[in-house]
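First to last, the protein sequences are chains A and B.
Heads up, the first sequence is in the numbering used here, so the first residue is 1 and it goes up one at a time.
Heads up, the second sequence is in the numbering used here, so the first residue is 1 and it goes up one at a time.
Don't read these hints as lab results, they were simulated from the structure.
Heads up, the beta-carbon is just placed ideally off N, CA and C, and yes, glycines get one too.
Mixed in with the good hints, there may be bad ones.
No farther apart than 30 angstroms at their CA atoms in a straight line, the calculated lysine-lysine pairs in the DSBU-like style are these [unchecked claim]:
1) A:Lys188 <-> A:Lys248
2) B:Lys4 <-> A:Lys81
3) A:Lys131 <-> B:Lys11
4) B:Lys2 <-> A:Lys248
5) A:Lys131 <-> A:Lys55
Here are the simulated distance ranges between beta carbons [claimed, not checked]:
6) B:Glu36 <-> A:Lys55: 34 to 40 angstroms
7) A:Glu223 <-> B:Ala83: 30 to 36 angstroms
8) A:Tyr20 <-> B:Lys2: 45 to 51 angstroms
Just a sample of chain B residues kept apart from chain A, beta carbon distances all over 10 angstroms, derived [what the hints assert, rightly or not]:
9) Met1
10) Lys2
11) Met31
12) Met40
13) Met44
14) Asp53
15) Ala57
16) Ser65
17) Glu70
18) Glu71
19) Gly84
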Amino acid sequence: MNYYKIAGITFALSGFEYEYFKDRMKAYEVSSVPTPDVTVYYEQTLFPIPKPEYKHIVTTGGFRDYFSDGGGYIFYDKFEKDSEACAKVEINADASVVHTALYDIEDIGGAPVDVRCFNMLGEVFRYCILKRTGMVVHSSSICHAGNGIIFSAPSGTGKSTHTSLWMKYYGENTQMINDDCPAITFDKEIPYVNGTPWSGKTNINFNISAPLRAVVLLQQKPENHIQRISVDEAVFRLLHEVTRPAYKDLMNQTLSNIEKIVTSTPVYLLGCTIDKEAVDLVRRII
Amino acid sequence: MKVKDSFVLRKIAGSHVVVPIGSETADFNGMMTLNETGAMLFGMLNKDRSLEDLTNAMLSEYDVSAVEAEEDVKAFVDTLEKAGMLE
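With the hints as constraints, model all of the structure from the sequences given.
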């Protein structure tokens, strides 16, 4: 077993032996934990994974089938329409025990199995945190002078570029937390932004956390402009930046988390160009 | 008519939000916010209801004429229909 602690949750991992995986997870490794919150078992299978017997709920994106065994969360990925599965994830009802398997499909055009394994654990993590203390919000996040700030927007808007400007101009008291998928947790209703090993295309993530002081939603505009938005609008926009689970109970938990964020933390809409002025606008209101 | 099971209505921080579940990809069709009236009608549509059921509920809850209630209900149902929310 290898042990990790991510956003306050302890994981015991069995079978995750890829060098790539261990390297990406290194900053979150801890010494052995007697009673881990979550135990995850992994195996690389030699053959495609047969379709399971569970009750089918829904297919999303044409390749992922969700199932229910009456309490747990189960999904299998197909590598092509009507094929057998190349990935399985079976999470028990309280997300304490997880069984996973991958079938290597690199030869037929899939991503390398070690990369898929790492990303799969990222998905498992989303379930584990939703069942406990928070959720992942798609955003580039920083800690500036002790204040956690997340910058959220659809991919391609320039989140990472914007936070890189903070590092460039205010690097002495700014630290990146995670460039793509930080976890928001709550401690006595106070939200915190935490690093996770999963940071999208970049490898920019740090194992730190900071109290969340502002949520900034980015939009590319010819001029810089910032305004605080209503709770209504904040809910609606944030819903676009979180994973919407296929399971009703988890969707409800997601909505409760969004509610906690928008009622505790100011949410701003920043129309911005890619320059220092946009950074300074945000600095002034924090 | 009835709303599909795959849509969840929730009151979040004072606003009524309808969210589709089971479509975690980039497809955001079907997400909407509702006012009080919309939320009441949407809530009723968890069960099979007729236009008349909904119109009667409008009339007993709000101070509107029968004609207004019927028009509002039709417009609302039409919106849900176009968003693919009815089964």
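Quick rundown of the hints versus the structure:
This hinted pair checks out: A:Lys188 and A:Lys248 have alpha carbons roughly 25 angstroms apart, not beyond 30 angstroms. With a CA separation close to 25 angstroms, the supplied pair B:Lys4 and A:Lys81 stays within the 30 angstroms bound. Annotation: proposed proximity of A:Lys131 to B:Lys11 holds, straight-line Cα distance about 20 angstroms (limit 30 angstroms). Taking the CA atoms of B:Lys2 and A:Lys248, the gap is near 18 angstroms; set against the 30 angstroms cutoff, the hint holds.
Distance check on the hinted pair: A:Lys131 and A:Lys55 sit about 21 angstroms apart at the alpha-carbon level, within 30 angstroms; holds. With their beta carbons about 36 angstroms apart, B:Glu36 and A:Lys55 fall inside the hinted range of 34 to 40 angstroms. At roughly 34 angstroms, the beta-carbon separation of A:Glu223 and B:Ala83 lies within the given 30 to 36 angstroms, and the hint holds. Between A:Tyr20 and B:Lys2 the beta carbon distance is about 49 angstroms. The supplied range of 45 to 51 angstroms therefore holds.
B:Met1, annotated as away from the interface, keeps every beta carbon of chain A farther than 10 angstroms; the closest lies near 21 angstroms. Non-interface status of B:Lys2 relative to chain A is upheld: no Cβ of that chain comes within 10 angstroms, the nearest being about 17 angstroms off. Against chain A, the non-interface label of B:Met31 is violated: not every CB pair exceeds 10 angstroms, the least being about 6 angstroms. No Cβ of chain A approaches the Cβ of B:Met40 within 10 angstroms, the least distance being about 18 angstroms, so the stated non-interface status holds.
Under the 10 angstroms C-beta cut-off, the non-interface status given to B:Met44 relative to chain A holds; the minimum distance is some 19 angstroms. In this structure B:Asp53 is separated from chain A by more than 10 angstroms, as the shortest Cβ-Cβ distance comes to about 25 angstroms. Against the 10 angstroms criterion, B:Ala57 stays outside the reach of chain A, whose nearest CB is about 25 angstroms from its own CB. The claim that B:Ser65 lies off the interface holds: its Cβ sits roughly 29 angstroms from the closest Cβ of chain A, which is beyond the 10 angstroms cut-off.
With a least beta-carbon separation of about 28 angstroms from chain A, B:Glu70 lies farther than 10 angstroms from that chain, consistent with its non-interface assignment. Distance check on B:Glu71: its Cβ is at least 26 angstroms (rounded) from any Cβ of chain A, clearing the 10 angstroms threshold; non-interface status holds. Every beta carbon of chain A lies more than 10 angstroms from that of B:Gly84, the smallest distance being close to 15 angstroms; the non-interface claim holds.
Checked against the numbered hints given earlier, this structure breaks only hint 11.
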